[in-house]
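Asker: Listed below, chain by chain, are the residues.
Number of protein chains: 2
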Amino acid sequence: MFEAAEIGHKMDKAAYAAEIPALREALLEAQWALHADGRFPVIVLIAGVDGAGKGETVNTLNEWMDPRHIRTIAFDGSSDEEAERPRMWRYWRELPRKGQIGIFFGSWYTDPIVDRVWGKTGKKALALEIERINHFERMLADEGALILKFWFHLDKQSQRKRLEKIDADPVMSWQVTRADWQQFKRYDRYYAVAEHTLRLTSAGHAPWIVVEGRDARYRQYTVGSVLLAAIRKHLEQRPMPASGVALPELPADGRNVLNQMKLGRKLGDRKYAHELAQLQGELNQLARSKKFRERSVICAFEGMDAAGKGGAIRRVTAALDARQYRIIPIAAPTDEERAQPYLWRFWRHLPRRGRFTLYDRSWYGRVLVERVEGFCQPADWQRAYAEINQFEQELVDAGGILCKFWLQVSQDEQLRRFREREETRFKHFKITEQDWRNREKWPHYELAAAEMIERTSTAIGPWTLVEAEDKNWARVKVLRTLVERIEVALDRS
Amino acid sequence: MFEAAEIGHKMDKAAYAAEIPALREALLEAQWALHADGRFPVIVLIAGVDGAGKGETVNTLNEWMDPRHIRTIAFDGSSDEEAERPRMWRYWRELPRKGQIGIFFGSWYTDPIVDRVWGKTGKKALALEIERINHFERMLADEGALILKFWFHLDKQSQRKRLEKIDADPVMSWQVTRADWQQFKRYDRYYAVAEHTLRLTSAGHAPWIVVEGRDARYRQYTVGSVLLAAIRKHLEQRPMPASGVALPELPADGRNVLNQMKLGRKLGDRKYAHELAQLQGELNQLARSKKFRERSVICAFEGMDAAGKGGAIRRVTAALDARQYRIIPIAAPTDEERAQPYLWRFWRHLPRRGRFTLYDRSWYGRVLVERVEGFCQPADWQRAYAEINQFEQELVDAGGILCKFWLQVSQDEQLRRFREREETRFKHFKITEQDWRNREKWPHYELAAAEMIERTSTAIGPWTLVEAEDKNWARVKVLRTLVERIEVALDRS
Chain S
997 MFEAAEIGHK MDKAAYAAEI PALREALLEA QWALHADGRF PVIVLIAGVD
1047 GAGKGETVNT LNEWMDPRHI RTIAFDGSSD EEAERPRMWR YWRELPRKGQ
1097 IGIFFGSWYT DPIVDRVWGK TGKKALALEI ERINHFERML ADEGALILKF
1147 WFHLDKQSQR KRLEKIDADP VMSWQVTRAD WQQFKRYDRY YAVAEHTLRL
1197 TSAGHAPWIV VEGRDARYRQ YTVGSVLLAA IRKHLEQRPM PASGVALPEL
1247 PADGRNVLNQ MKLGRKLGDR KYAHELAQLQ GELNQLARSK KFRERSVICA
1297 FEGMDAAGKG GAIRRVTAAL DARQYRIIPI AAPTDEERAQ PYLWRFWRHL
1347 PRRGRFTLYD RSWYGRVLVE RVEGFCQPAD WQRAYAEINQ FEQELVDAGG
1397 ILCKFWLQVS QDEQLRRFRE REETRFKHFK ITEQDWRNRE KWPHYELAAA
1447 EMIERTSTAI GPWTLVEAED KNWARVKVLR TLVERIEVAL DRS
Chain B
997 MFEAAEIGHK MDKAAYAAEI PALREALLEA QWALHADGRF PVIVLIAGVD
1047 GAGKGETVNT LNEWMDPRHI RTIAFDGSSD EEAERPRMWR YWRELPRKGQ
1097 IGIFFGSWYT DPIVDRVWGK TGKKALALEI ERINHFERML ADEGALILKF
1147 WFHLDKQSQR KRLEKIDADP VMSWQVTRAD WQQFKRYDRY YAVAEHTLRL
1197 TSAGHAPWIV VEGRDARYRQ YTVGSVLLAA IRKHLEQRPM PASGVALPEL
1247 PADGRNVLNQ MKLGRKLGDR KYAHELAQLQ GELNQLARSK KFRERSVICA
1297 FEGMDAAGKG GAIRRVTAAL DARQYRIIPI AAPTDEERAQ PYLWRFWRHL
1347 PRRGRFTLYD RSWYGRVLVE RVEGFCQPAD WQRAYAEINQ FEQELVDAGG
1397 ILCKFWLQVS QDEQLRRFRE REETRFKHFK ITEQDWRNRE KWPHYELAAA
1447 EMIERTSTAI GPWTLVEAED KNWARVKVLR TLVERIEVAL DRS
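Residue numbers (our numbering), protein chains in the order written: chain S, 997 to 1489; chain B, 997 to 1489.
Watch out, some of these pointers could steer you wrong.
No copy is singled out in the list; a pair is fine if it fits within one copy or between any two copies.
Stated by the list, open to error - Okay, derived cross-link-like pairs now, DSS-like style, lysine-lysine, Cα gap no bigger than 25 Å in a straight line:
1) Lys-1467 - Lys-1006
2) Lys-1467 - Lys-1267
3) Lys-1006 - Lys-1157
4) Lys-1258 - Lys-1437
5) Lys-1152 - Lys-1116
6) Lys-1152 - Lys-1006
7) Lys-1423 - Lys-1467
8) Lys-1161 - Lys-1286
9) Lys-1423 - Lys-1094
10) Lys-1258 - Lys-1287
11) Lys-1006 - Lys-1094
12) Lys-1229 - Lys-1423
13) Lys-1423 - Lys-1437
14) Lys-1258 - Lys-1467
15) Lys-1229 - Lys-1426
16) Lys-1181 - Lys-1229
17) Lys-1094 - Lys-1229
18) Lys-1094 - Lys-1426
19) Lys-1120 - Lys-1094
Don't read these hints as lab results, they were simulated from the structure.
Kindly produce the complete structure, drawing on both the sequences and the hints.
Answerer: Structure below.
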C-alpha cells in the first residue's frame, strides 16, 4: 500500500502557483453547494506518520475553504465523561452535521494501531477493532456520509530527516517530543500494523488515500483535489440505497413469536404487592452495590400502544434513587438529531458508570414505526438490524448491562385501554388520533415486531417478551428480568 | 426565615391518605398540561440540611408524576469538561427544556454556601455569588421559567437525632458519611450563612419555600401541593413581560458612535502584508505559550452585512492551529436551542482552556436583528443588555479573554460589495434576498448597534469599533487588538 508513496512525489512551485487559485475557488464553491444541499456530511480523516504534514494540511484546508462550515476535531486523551462510556461515544458526539465538513485529526484508528504497535493488544483485539470500524464506516456511508481517509506516509529515511529538521528549528521544535522519537524507533512495526489495518479497512465507500508526505505542495494539492472531486461527485449522485434481499412478508403458517405468546398469564394483587416490594428491594440493593459503580444499565422498552410501558418503567424507577437514572422518551427527532445518523440520538444519552438510562421506545423505532409508516426507505430499515446488533455489542463490551422488553397485549385489551384513557380525566392526554390510526395497522406492526425479535434477539441482547394483558404480571416480569440480568452481570465482574 | 420551620409541622396518616390520591392525579394532569403547553420549563431546586428528606422528596416527586418528563440532575464534583469552563456552565447544560420539569438536587447554591461555611471564601465572595445568582434567576424567570426553591430545614436537635437514626440503620447508614458529621459540627455557622443567602435570594419570581423536614408526610405533601399550585397558576398566566423605560429613539443631534467613525482609514498592500505576517506570528506564539493553556479566548464578530466579518475571522484563524479553535456561525436557532433561554446556544459552545471560540455573529443578535425585525418583545431585548453584561462577567471571571468587534462600512461600500457578490461565481452563495431587505433598514440597524455599543462596552468587555471600508485596515486592526488583549491578559496571569 505504501510503495506508491515512496517514489518522491512532488509538485514544482510554478505548477502549484498555477493550480491553487482555481482549486481554492472550486473548493469554496463545492463547500457552499454542500452546505446549501444539506443532505450529507463530509468526514475527512487525517492520519499517518509524524512529521508528514498532517497538522499543516488541516490548517491549509481551513485556510482554503470557509472555516465556518468546517469542524476540526482533535482527539487527545479522553475526558472523564468520555472514559465512562463506550469507546466510540467520543467520536459520535463530534460527528459533523449534514452539510458540514468534519476534519478528524486523530480518529477511531489511532488507539487500535498504536496499542498494537506497542504490544498492548494482540492480533485478535486488532482484528476485532477493524471489524468494528468497518461496521461503523459502513453505517456512516449508508446514512449518506462522504468519507475520505487520508494517510500521510514517509519512508523511514525521510521521516528521520524530517524529525531531525523540525527538532533543530527553534520555532518548531515543540512539535517533536521524546515520544515521537520513541515511536520512530518502532517504524517498521508501525509500518506493518498500519499497512495491515489500512488494507482491511479500505472500502469503496470509505477509501484510504495514501499521500506521500515529503513535499508540502504535492500533499496539499493532492488532498485538496481529491476532496474537491469527491464532494462534487457525491453532490451529483442522488443516493439510491440498494435494497436488501426481498423476503416474503409472512411465515407460511402465519405463526410468529408474538401471536404464540400466552397472554392469559396473571398475578393476583396480594402476590403482586409482595413480589413487587421484594424485587424493588433487590434492585435497590444492586444499584447501590460497589460493583455496580463500574457498570451501567441500558433498557429499551418497546411494545404495542397502551401495553403499559410507562407503568412498567415507573415500577423500575420507584426502586432507584432519582439521581441515578434518566428516562428518555423517544418521540419525533429534533432537527439537530435529524442532521445526524439515525443512531446518534440514542448514543447521546448513554449513561455514565453507575447509572441507568431507560429508553421509552428506542432505536428499534427504525424497524417498527419507521418501517411500517414508510418514514424510511426499505434499504434503511433492512440494514438497521445489523447496525443495531453492532451498537448493542459496543454497549455490552463497555460494561453496559442491556435489557430489552417487548410488552404485548391483545387487540381487545388495547381497545379497552384506549377507551379507558379517553374517559379518565387525567389519562386523556395519553391518547391521540395517531394511536387510533396505528391500531388499524396492527398486523403490520405485529409482523415488523416479530421480525425484529427474530433478527435482534441475541446472546448479548436477548429480547424479553412480556405478556402484558395483566399489568401485575408484566411489571413483575420486567423487574425480575432486570434484577436477574444485573445479578448475573455483577457476579461475573 | 427558619423559625417557622421549627414548630413541629406534621401531617397525620389519615389526612395524608385522604389527600394524596387527588394530589397525585392533579400533579400528573398539571404535568401533562405543562408538556402540551410547551411554553416554559419548571425548575425545582432541592436544598437544605442533611437528613431532612431531600433525596426522599426527589424520589417521591418522580414517583407521583410521570418521570419521563422530569429531569433529575444531581451535582457532585465537576467533570474535567466542566471544570475548564465558567462555573455556571454545568448548570446551563442541564437546564430542562420548555415543557419539562427539571429537579436540581444540589445547585448553584451549594458551593457558595459550603465554601463560606468552611471559610474557604470571605463575605465579599459570597456577596458576589449572591448577586450573580440573582441575575441568573432573574434571567431564567424573564425567559418564562417557573422557579421553585425548596429549603429543607431541621433544628439542631432534630438533625442530630436524624443523623444518628440513619447511621444506626444498617440499610441506610451509607447515607451518612464522616463529612456529614463534620458538617453537623458547623450547624450554627451553616444556619447563619444559609439564612443570609436565602434572605438575599428570595424573590417573587424565584421564591424560597422553607420546609420543615421532621415529618415525611408533611414535607412531601407541602412540596407536592406548592408545585401543583405554582404550575397551575403559571399555566393560566399568559406571560406579559413588562417593558423597560421608554427611551426616545434617537439622540437629539443624530450623532452616534458609528456615524462618527472615520471610515476613510486605509492600509496599502505592502504594509498590510508585512503587518499581517508580523501579527499572525505574534498571535501564533501567544496561542502556543504555556500561560495560555490556563486561559481561553472568546471573540464576538458583529457588523453590518458584507462588512468583512468572515474575512477578518479567517485572518485570525490562519494564525492558529486548526485544532485550537472553533468558529460558530450564528444563524437561526435549532429547535433544541429554541426550547432554552436565549443565551443557552452561546453557553454551549464556550471553549475549554487553551482554546478559541470565534462567534460569527453572537449573543448580540438579541439587541440587533431580533430587536429590529421584531423577533422578540421590547421587554426581551431591553433586559438583554444586563443579561449580556452578566454573561460576559462570568466569562472573564473564569479566565476567558473576551474580544468584541464591530465592523462598520458605509452604505455605498456595502452596495458595491453586494453587487460584487452577485457577480462573482463563487461568492453568489453569500448574498440573499434577506441581505437586500436588511439593507433597507440600515438606519434601524445603525441605531440599534449604536445603543448596543453604548450599553455593553464595558471595562471587562470593550467593543472595538473597526473601520472596515478598507479590508486591509480592518483585518490588521482586528488582529492587533486581539494580540494586545491576549498579551495584557497573559502578563497579568
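Asker: Indicate, hint by hint, whether the structure satisfies it.
Answerer: Going down the list of hints, with the structure as the test:
Taking identical chains as interchangeable, the C-alpha atoms of Lys-1467 and Lys-1006 are never at most 25 Å apart, the minima being 73 Å within one chain and 35 Å between chains. For a Cα distance limit of 25 Å, the shortest separation of Lys-1467 from Lys-1267 inside one copy, 13 Å, qualifies, whereas the shortest one across copies, 80 Å, does not. With identical chains, the CA atoms of Lys-1006 and Lys-1157 are at most 25 Å apart within one copy only, with a shortest distance of 17 Å there and 81 Å across copies. In this homomeric assembly, Lys-1258 and Lys-1437 come within 25 Å of each other (Cα to Cα) only inside a single copy, at 22 Å, whereas the closest approach across copies is 71 Å.
For the homomeric pair Lys-1152 and Lys-1116, the shortest alpha-carbon distance inside one copy (23 Å) is at most 25 Å, but the shortest distance between copies (56 Å) is not. When the C-alpha separation of Lys-1152 and Lys-1006 is checked against a cutoff of 25 Å, the pair qualifies only within one copy, where the shortest distance is 18 Å, while the shortest distance between copies is 80 Å. Taking identical chains as interchangeable, the C-alpha atoms of Lys-1423 and Lys-1467 lie at most 25 Å apart only when both belong to the same chain, with a minimum of 16 Å there against 63 Å between chains. For the identical chains of this complex, Lys-1161 and Lys-1286 are inter-copy neighbours only, at 23 Å across copies versus 53 Å inside a copy, given an alpha-carbon limit of 25 Å.
In this assembly of identical chains, the alpha carbons of Lys-1423 and Lys-1094 lie at most 25 Å apart only when taken from different copies (21 Å versus 39 Å within one copy). Proximity of Lys-1258 and Lys-1287 under a CA criterion of 25 Å is satisfied in neither setting, with 36 Å inside one chain copy and 69 Å between copies. Taking the shortest Cα distances, Lys-1006 and Lys-1094 never come within 25 Å of each other, neither inside one copy (34 Å) nor across copies (58 Å). For the identical chains of this complex, Lys-1229 and Lys-1423 are inter-copy neighbours only, at 21 Å across copies versus 53 Å inside a copy, given an alpha-carbon limit of 25 Å.
In this assembly of identical chains, Lys-1423 and Lys-1437 lie within 25 Å of each other by CA distance solely inside one copy; the values are 23 Å within and 51 Å between copies. Taking identical chains as interchangeable, the C-alpha atoms of Lys-1258 and Lys-1467 lie at most 25 Å apart only when both belong to the same chain, with a minimum of 14 Å there against 77 Å between chains. With identical chains, the CA atoms of Lys-1229 and Lys-1426 are at most 25 Å apart between copies only, with a shortest distance of 23 Å across copies and 47 Å within one. In this homomeric assembly, Lys-1181 and Lys-1229 never come within 25 Å of each other (Cα to Cα): the closest approach is 41 Å inside a single copy and 72 Å across copies.
In this assembly of identical chains, Lys-1094 and Lys-1229 lie within 25 Å of each other by CA distance solely inside one copy; the values are 16 Å within and 42 Å between copies. Within a single copy, Lys-1094 and Lys-1426 get their C-alpha atoms only as close as 34 Å, which misses the 25 Å cut-off; across copies the closest is 19 Å, which meets it. For the identical chains of this complex, Lys-1120 and Lys-1094 are neighbours neither inside a copy (35 Å) nor across copies (49 Å), given an alpha-carbon limit of 25 Å.
Going through the hint list in order, the structure does not satisfy hints 1, 10, 11, 16 and 19.
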